[in-house]
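Let chain A serve as the given structure and place chain B on it in line with the hints.
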Amino acid sequence: MSQLSAPHVQPIPLRNLAWWALAVPVLLLVAYLVTFDQGAISQAGDYLHELMHDGRHLLGVPCH
Amino acid sequence: MIRPLFVRGLLAGIIAGLAAGVFAYFAGEPHIDSAIALEEAAAHTHAEVPLVSRSGQVGGLFLATALYGLAVGGLFGLAFALVRGRIGPRSGSVLSITLAAAGFVAVVLVPFVKYPANPPAVGDPATIGSRTSLYLVAVAIGLLAMAAAAVAHRIFEVNGEPVRWLATGLGFLVPVTAAWVFLPVVSEVPEGFPADLLWDFRVSSLGTQVVLWGVLGVSYAYLWHRSERVAGAPQGVPA
Numbered sequence: 000m001s002q003l004s005a006p007h008v009q010p011i012p013l014r015n016l017a018w019w020a021l022a023v024p025v026l027l028l029v030a031y032l033v034t035f036d037q038g039a040i041s042q043a044g045d046y047l048h049e050l051m052h053d054g055r056h057l058l059g060v061p062c063h
Numbered sequence: 000m001i002r003p004l005f006v007r008g009l010l011a012g013i014i015a016g017l018a019a020g021v022f023a024y025f026a027g028e029p030h031i032d033s034a035i036a037l038e039e040a041a042a043h044t045h046a047e048v049p050l051v052s053r054s055g056q057v058g059g060l061f062l063a064t065a066l067y068g069l070a071v072g073g074l075f076g077l078a079f080a081l082v083r084g085r086i087g088p089r090s091g092s093v094l095s096i097t098l099a100a101a102g103f104v105a106v107v108l109v110p111f112v113k114y115p116a117n118p119p120a121v122g123d124p125a126t127i128g129s130r131t132s133l134y135l136v137a138v139a140i141g142l143l144a145m146a147a148a149a150v151a152h153r154i155f156e157v158n159g160e161p162v163r164w165l166a167t168g169l170g171f172l173v174p175v176t177a178a179w180v181f182l183p184v185v186s187e188v189p190e191g192f193p194a195d196l197l198w199d200f201r202v203s204s205l206g207t208q209v210v211l212w213g214v215l216g217v218s219y220a221y222l223w224h225r226s227e228r229v230a231g232a233p234q235g236v237p238a
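Going line by line, the protein sequences match chains A and B.
Mapping of the first sequence onto numbering that gives the first Met the number 0: position 33 corresponds to residue 32, and the numbering continues sequentially without gaps.
Mapping of the second sequence onto numbering that gives the first Met the number 0: position 150 corresponds to residue 149, and the numbering continues sequentially without gaps.
Same shape as in the complex, but just chain A (with noise of 0.2 Å):
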């Protein structure tokens, strides 16, 4: 199981990654109009989320 470790794969540096990190907030949002939002953010939040209805309960997110 020693191929587990990657000592000979060069990791990414940090400084590189921070930048990306700006995208994360941006796919939370994404995420949350999906199976949260219900008029709270987005303008058609209540249309949306009766649209994904079936779709956030078959994610397993609460709902009702």
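No lab work stands behind these hints, which were simulated from the structure alone.
The reader is advised that the hints may include incorrect statements.
Label pairs and their in silico Cβ distance ranges [what the hints assert, rightly or not]:
#, chain 1, residue 1, chain 2, residue 2, range
1, A, L21, B, G84, 19 to 27 Å
2, B, P124, A, N15, 41 to 49 Å
3, A, H7, B, S52, 50 to 58 Å
4, A, L21, B, G159, 39 to 47 Å
5, B, V229, A, Y31, 30 to 38 Å
6, B, G55, A, L21, 15 to 23 Å
Just so you know, even glycine gets a beta-carbon here, dropped at the ideal spot from N, CA and C.
For chain B alone, kept in the frame of chain A given last:
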């Protein structure tokens, strides 16, 4: 250098989301329909005019799973960029599948065991706020436990495989078990709700997430492998 890892994550995520949507359509929708029929029978009235029709909601299923897959895939691509070379398998393809399995356990399985998915008609609308918070706490604990396991795996590298894997397992299981035991219980299944319908719905919901994370890991691995082949294995070691 990071951009292709990220873009591949988005792509693999959409593929995974659509695959999960197809699974959910066939495996899950019949149970949602049955639960809604029970809900309406219990309410006796049809006064509520739906904002979105049932067929609209079924179409929305694919939109929901695709968008969710896109978001998860993007985060997955960035996590891959962060993890690669620091911890985990050396091969990019094997790392992709390992990371997807770890993500599934942390983000889906840990919360699911404590707060399983519920069909329509199950759950008190008055408690949605607290149930959502508890669910997010469970997701956070799953992620922290997985991170603790990864750190333990790294720290105990020099102590031999048995000690190392014991530490990895404990790093994950101690916080997760504590959360399962100490987080408040939510039990809101209405009196008389069919147990087999509840069970079937929950299995189909878990299956939807298995498909999503499974297809994500495999398609990301495929895209990685393909790019390595095109680039002629830049590190001199074929993945």
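Against the structure, the hints:
In this structure the hint that L21 of chain A and G84 of chain B lie 19 to 27 Å apart at CB holds, the actual value being about 22 Å. Evaluation of the 41 to 49 Å hint for P124 of chain B and N15 of chain A yields a pass: the beta carbon distance comes to about 46 Å. Look at H7 of chain A against S52 of chain B: about 56 Å separates their beta carbons, and that is inside 50 to 58 Å. A hinted range of 39 to 47 Å for the beta carbons of L21 of chain A and G159 of chain B is consistent with their spacing of about 41 Å.
A hinted range of 30 to 38 Å holds for the C-beta pair V229 of chain B and Y31 of chain A, which are about 36 Å apart. For G55 of chain B and L21 of chain A, the Cβ-Cβ distance of about 34 Å falls outside the hinted range of 15 to 23 Å, so the restraint is violated.
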